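Asker: The lines below spell out each chain.
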Amino acid sequence: DAGITQSPRHKVTETGTPVTLRCHQTENHRYMYWYRQDPGHGLRLIHYSYGVKDTDKGEVSDGYSVSRSKTEDFLLTLESATSSQTSVYFCAISEAVAGSLSLNTEAFFGQGTRLTVV
Amino acid sequence: DAKTTQPNSMESNEEEPVHLPCNHSTISGTDYIHWYRQLPSQGPEYVIHGLTSNVNNRMASLAIAEDRKSSTLILHRATLRDAAVYYCILTSAGNMLTFGGGTRLMVKP
Numbered sequence: 037d038a039g040i041t042q043s044p045r046h047k048v049t050e051t052g053t054p055v056t057l058r059c060h061q062t063e064n065h066r067y068m069y070w071y072r073q074d075p076g077h078g079l080r081l082i083h084y085s086y087g088v089k090d091t092d093k094g095e096v097s098d099g100y101s102v103s104r105s106k107t108e109d110f111l112l113t114l115e116s117a118t119s120s121q122t123s124v125y126f127c128a129i130s131e132a133v134a135g136s137l138s139l140n141t142e143a144f145f146g147q148g149t150r151l152t153v154v
Numbered sequence: 234d235a236k237t238t239q240p241n242s243m244e245s246n247e248e249e250p251v252h253l254p255c256n257h258s259t260i261s262g263t264d265y266i267h268w269y270r271q272l273p274s275q276g277p278e279y280v281i282h283g284l285t286s287n288v289n290n291r292m293a294s295l296a297i298a299e300d301r302k303s304s305t306l307i308l309h310r311a312t313l314r315d316a317a318v319y320y321c322i323l324t325s326a327g328n329m330l331t332f333g334g335g336t337r338l339m340v341k342p
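Line by line, the protein sequences give chains A and B.
For what it's worth, our numbering labels the leading residue of the first sequence as 37, then goes sequentially.
For what it's worth, our numbering labels the leading residue of the second sequence as 234, then goes sequentially.
Honestly, the hints are just simulated from the structure, not real lab data.
Values in this document were obtained by computation on a predicted structure and should not be read as measured data.
One or more hints might be untrue.
Here are the simulated distance ranges between beta carbons [said to hold, decoys possible]:
#1 THR118(A) - PRO342(B): 19 to 27 Å
#2 THR312(B) - GLU131(A): 23 to 31 Å
#3 PRO75(A) - LYS302(B): 30 to 38 Å
#4 THR312(B) - GLY39(A): 22 to 30 Å
#5 LYS341(B) - SER103(A): 19 to 27 Å
#6 ARG45(A) - ASP300(B): 37 to 45 Å
#7 SER97(A) - PRO273(B): 24 to 32 Å
#8 THR56(A) - ASN287(B): 37 to 45 Å
#9 ARG310(B) - THR118(A): 39 to 47 Å
#10 THR56(A) - SER242(B): 47 to 55 Å
#11 LYS106(A) - LEU313(B): 39 to 47 Å
Glycine included, every Cβ here is placed at the ideal spot set by N, Cα and C.
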């Protein structure tokens, strides 16, 4: 199994509080991603990173920020949690392949963090 | 981003082959076709990917149409552990995976 760990695995927090989720990898992969998954839906990309300090927005980035100060860690922060951010969050990693314009290798996903905002 | 179309659900009998279809008529020349699956309460798991030629690995086979506008994931002998949601995904520049709704595969004993 790829070395990717999400923490915490479960969290309950109150509306308006800040929350930070951590994704840690031991594979030294360049790309890291944060997705959310809501009941009955596929995964939706929140933010991604293509290197240390290099990040970009995905399709559902409002209300979220990210940071990547070192290769192995990618943090997702909810500055002021809302009930609509109750979801399961997945982190993923992948490696870049030189000369390829698109992802040509497998991505590895973490086990997910179940976040409940009450 | 090019999109994919998959049936919402499919059923299969245990130990029989399963063919999961995917349409991607707007695929571009540089898009790879990826398949992932998600078992209940787990993160997605890589199954297979390809560009133009058919691909085989220990989990499955990927058959890609000559015009690349469709593909089929083939599980040669379905087991109960193969019951999952299967996602067909095209990857474009930026190295991102964009998930659609997927196909929920149910395997009957």
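Asker: For each hint, tell me whether it holds in the structure or not.
Answerer: Hints and how they fare:
1. THR118(A) - PRO342(B): 19 to 27 Å: Given a distance of about 43 Å, which is not inside 19 to 27 Å, the answer is violated.
2. THR312(B) - GLU131(A): 23 to 31 Å: 30 Å, holds
3. PRO75(A) - LYS302(B): 30 to 38 Å: 32 Å, holds
4. THR312(B) - GLY39(A): 22 to 30 Å: 27 Å, holds
5. LYS341(B) - SER103(A): 19 to 27 Å: 47 Å, violated
6. ARG45(A) - ASP300(B): 37 to 45 Å: 44 Å, holds
7. SER97(A) - PRO273(B): 24 to 32 Å: With a Cβ separation near 28 Å, SER97(A) and PRO273(B) satisfy 24 to 32 Å, so the hint holds.
8. THR56(A) - ASN287(B): 37 to 45 Å: 44 Å, holds
9. ARG310(B) - THR118(A): 39 to 47 Å: At roughly 46 Å between Cβ atoms, THR118(A) and ARG310(B) fall inside 39 to 47 Å, so the hint holds.
10. THR56(A) - SER242(B): 47 to 55 Å: 37 Å, violated
11. LYS106(A) - LEU313(B): 39 to 47 Å: 42 Å, holds
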